[in-house]
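Since the structure of chain A is provided, determine the placement of chain B on it from the hints.
Protein chains: 2
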Amino acid sequence: VRIGELSRVSGVPVPTIKYYLREGLLPPGVHTHPNQADYNRGHLSRLRLIRALIDVGGLSISTASELLAVLDTADLDDWESVGKVQYALGRRHVPDPSQAPDQDAGRTVDDLIARRGWRIRPDSPARDTLIQICAALHRLGHDDIIAALDRYAEAIEPVAAVDMSLLKDRTNIAETIEKVIVGTIIGDSLLSALRHLAQEDAARPLLRHTRTKRAT
Amino acid sequence: VRIGELSRVSGVPVPTIKYYLREGLLPPGVHTHPNQADYNRGHLSRLRLIRALIDVGGLSISTASELLAVLDTADLDDWESVGKVQYALGRRHVPDPSQAPDQDAGRTVDDLIARRGWRIRPDSPARDTLIQICAALHRLGHDDIIAALDRYAEAIEPVAAVDMSLLKDRTNIAETIEKVIVGTIIGDSLLSALRHLAQEDAARPLLRHTRTKRAT
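For the record, the sequence lines run as chains A and B. Quick note: the first sequence uses the working numbering, first residue 1, plus one each step. Quick note: the second sequence uses the working numbering, first residue 1001, plus one each step.
Bound-form chain A, shown alone:
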């Protein structure tokens, strides 16, 4: 289809589509005439993925672009590609990698990983991120949140188990990688929204200073 039709079906304005094409987020269409290109279903799915990452996942254009580049350059015959995408996703949050790693925070995180028995590579970006987060929480005086790390880590394992169950039995690497990207980026927003709802429910008796706690 032509770009106007792609815009109509996707609901994305033509200038925005042209911007994504220029920035390389969307691969070029097939030129049928010098000034006319043809777009297919693959372009429509990619356009929906871009919008979901930006609008729902809250990614910047440049972060979305980096992630899609990982997707586009992944070796689709090698399952290790899935892990590489996961690492690329983890790196998007590492705050200020130029800052010297905080030794206390590093120990806190490595002790936590050891206590949980998690097998984590030393170059894991999620480990770096968690160290920076702990250092920031300590600087802000929120050591009580750091003290709750074990409880948070224990509570998050069933969440990760649901994540992994959605990847099980997949045989197509490209499809698996898209699931990892969507499940991580949109999944973060989804879990944040669910956490807010669960908090709202849990906060009612607390905020009202009553003791009408519902048996669950």
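Keep in mind the hints are simulated off the structure, nothing from the lab. Predicted, not measured: the structure shown is a model, and the values here were computed from it. No residue lacks a Cβ here, since even glycine has one placed at the ideal position from N, Cα and C. Hints may be right or wrong, so weigh each one.
[To be verified] Below, computed lysine to any residue pairings styled on SDA-like, alpha-carbon distance capped at 20 Å:
{"id": "1", "chain 1": "B", "residue 1": "K1179", "chain 2": "A", "residue 2": "D201"}
{"id": "2", "chain 1": "A", "residue 1": "K168", "chain 2": "B", "residue 2": "P1028"}
{"id": "3", "chain 1": "A", "residue 1": "K84", "chain 2": "A", "residue 2": "I120"}
{"id": "4", "chain 1": "A", "residue 1": "K179", "chain 2": "B", "residue 2": "I1146"}
{"id": "5", "chain 1": "A", "residue 1": "K179", "chain 2": "B", "residue 2": "D1075"}
{"id": "6", "chain 1": "B", "residue 1": "K1179", "chain 2": "A", "residue 2": "H138"}
{"id": "7", "chain 1": "B", "residue 1": "K1179", "chain 2": "A", "residue 2": "I120"}
{"id": "8", "chain 1": "A", "residue 1": "K179", "chain 2": "B", "residue 2": "K1168"}
{"id": "9", "chain 1": "B", "residue 1": "K1084", "chain 2": "A", "residue 2": "K179"}
{"id": "10", "chain 1": "B", "residue 1": "K1168", "chain 2": "A", "residue 2": "D201"}
{"id": "11", "chain 1": "B", "residue 1": "K1168", "chain 2": "A", "residue 2": "K84"}
{"id": "12", "chain 1": "A", "residue 1": "K168", "chain 2": "A", "residue 2": "Y152"}
{"id": "13", "chain 1": "B", "residue 1": "K1179", "chain 2": "A", "residue 2": "K84"}
{"id": "14", "chain 1": "A", "residue 1": "K168", "chain 2": "B", "residue 2": "D1143"}
{"id": "15", "chain 1": "B", "residue 1": "K1084", "chain 2": "A", "residue 2": "A203"}
{"id": "16", "chain 1": "A", "residue 1": "K179", "chain 2": "B", "residue 2": "D1143"}
{"id": "17", "chain 1": "A", "residue 1": "K84", "chain 2": "B", "residue 2": "D1201"}
{"id": "18", "chain 1": "A", "residue 1": "K179", "chain 2": "B", "residue 2": "K1179"}
{"id": "19", "chain 1": "A", "residue 1": "K168", "chain 2": "B", "residue 2": "K1179"}
{"id": "20", "chain 1": "B", "residue 1": "K1084", "chain 2": "A", "residue 2": "A148"}
{"id": "21", "chain 1": "B", "residue 1": "K1168", "chain 2": "A", "residue 2": "R204"}
{"id": "22", "chain 1": "B", "residue 1": "K1168", "chain 2": "A", "residue 2": "D150"}
{"id": "23", "chain 1": "A", "residue 1": "K84", "chain 2": "B", "residue 2": "R1204"}
{"id": "24", "chain 1": "A", "residue 1": "K168", "chain 2": "B", "residue 2": "D1144"}
{"id": "25", "chain 1": "A", "residue 1": "K179", "chain 2": "B", "residue 2": "G1141"}
[Stated by the list, open to error] Computed footprint of chain A on chain B; a stretch qualifies when at least three of its residues, placed anywhere within it, have a C-beta under 8 Å from a C-beta of chain A:
{"id": "26", "region": "1014-1023"}
{"id": "27", "region": "1045-1054"}
{"id": "28", "region": "1116-1122"}
{"id": "29", "region": "1130-1136"}
{"id": "30", "region": "1141-1147"}
{"id": "31", "region": "1154-1164"}
[Claimed, not checked] Some chain B residues close to chain A (C-beta under 7 Å, calculated; not the full set):
{"id": "32", "residue": "R1002"}
{"id": "33", "residue": "G1004"}
{"id": "34", "residue": "R1008"}
{"id": "35", "residue": "R1151"}
{"id": "36", "residue": "S1192"}
{"id": "37", "residue": "H1196"}
{"id": "38", "residue": "L1197"}
{"id": "39", "residue": "E1200"}
Same frame as chain A, now just chain B:
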């Protein structure tokens, strides 16, 4: 202290501090001379909070500014202020509120809330966000993630319970509000990092196609 000293102690460059002052994220210092202002410990804590929200929480300047405005205008004699801050935090993710709400997604979310027995106000921003997320996941063809909503909701309740335990027994409303902001924004990054680590551990047997699953 003067602005140079505030910069030295906080590690935030003077031009950045001036920018935060201009944008209203940081309240003005007390003018001791026409061209000289004095900053106190309150300014230092606020500066650390701003940096944590932006660098660790990944917020934009404008979102951080909106949240801090809610903190600054909250009625510190009214516990309902805590709920108002929570709603302001929930709204930061609502994608494109101009879009017509998706009826199917709305039903999916309300049914989920009913099944969990969560007491949620109809104007809850987290409910709106979750509806938009479900609509996006459906458009993207990831209905399997929507089908896992009940399992994610069940898994998130213990996380929210840890959140609430950190607010229990607080008597100072301003302090509680800061805890809610930090716990939500930096907490989202923290949970995301923990989820990545738990996934990395859980993914090893899956990616290697082995059956050496460790007993937990």
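Results for each hint:
no. : hint               : in the structure
1   : B:K1179 <-> A:D201 : holds (18 Å)
2   : A:K168 <-> B:P1028 : violated (55 Å)
3   : A:K84 <-> A:I120   : holds (14 Å)
4   : A:K179 <-> B:I1146 : holds (13 Å)
5   : A:K179 <-> B:D1075 : violated (44 Å)
6   : B:K1179 <-> A:H138 : holds (13 Å)
7   : B:K1179 <-> A:I120 : violated (30 Å)
8   : A:K179 <-> B:K1168 : violated (38 Å)
9   : B:K1084 <-> A:K179 : violated (35 Å)
10  : B:K1168 <-> A:D201 : holds (15 Å)
11  : B:K1168 <-> A:K84  : violated (41 Å)
12  : A:K168 <-> A:Y152  : violated (25 Å)
13  : B:K1179 <-> A:K84  : violated (35 Å)
14  : A:K168 <-> B:D1143 : holds (15 Å)
15  : B:K1084 <-> A:A203 : holds (12 Å)
16  : A:K179 <-> B:D1143 : holds (11 Å)
17  : A:K84 <-> B:D1201  : holds (14 Å)
18  : A:K179 <-> B:K1179 : violated (33 Å)
19  : A:K168 <-> B:K1179 : violated (38 Å)
20  : B:K1084 <-> A:A148 : violated (25 Å)
21  : B:K1168 <-> A:R204 : holds (12 Å)
22  : B:K1168 <-> A:D150 : holds (18 Å)
23  : A:K84 <-> B:R1204  : holds (13 Å)
24  : A:K168 <-> B:D1144 : holds (12 Å)
25  : A:K179 <-> B:G1141 : holds (10 Å)
26  : 1014-1023          : violated (count 0)
27  : 1045-1054          : holds (count 5)
28  : 1116-1122          : holds (count 6)
29  : 1130-1136          : holds (count 4)
30  : 1141-1147          : holds (count 4)
31  : 1154-1164          : holds (count 11)
32  : R1002              : violated (22 Å)
33  : G1004              : violated (20 Å)
34  : R1008              : violated (15 Å)
35  : R1151              : holds (5 Å)
36  : S1192              : holds (5 Å)
37  : H1196              : holds (3 Å)
38  : L1197              : holds (5 Å)
39  : E1200              : holds (6 Å)
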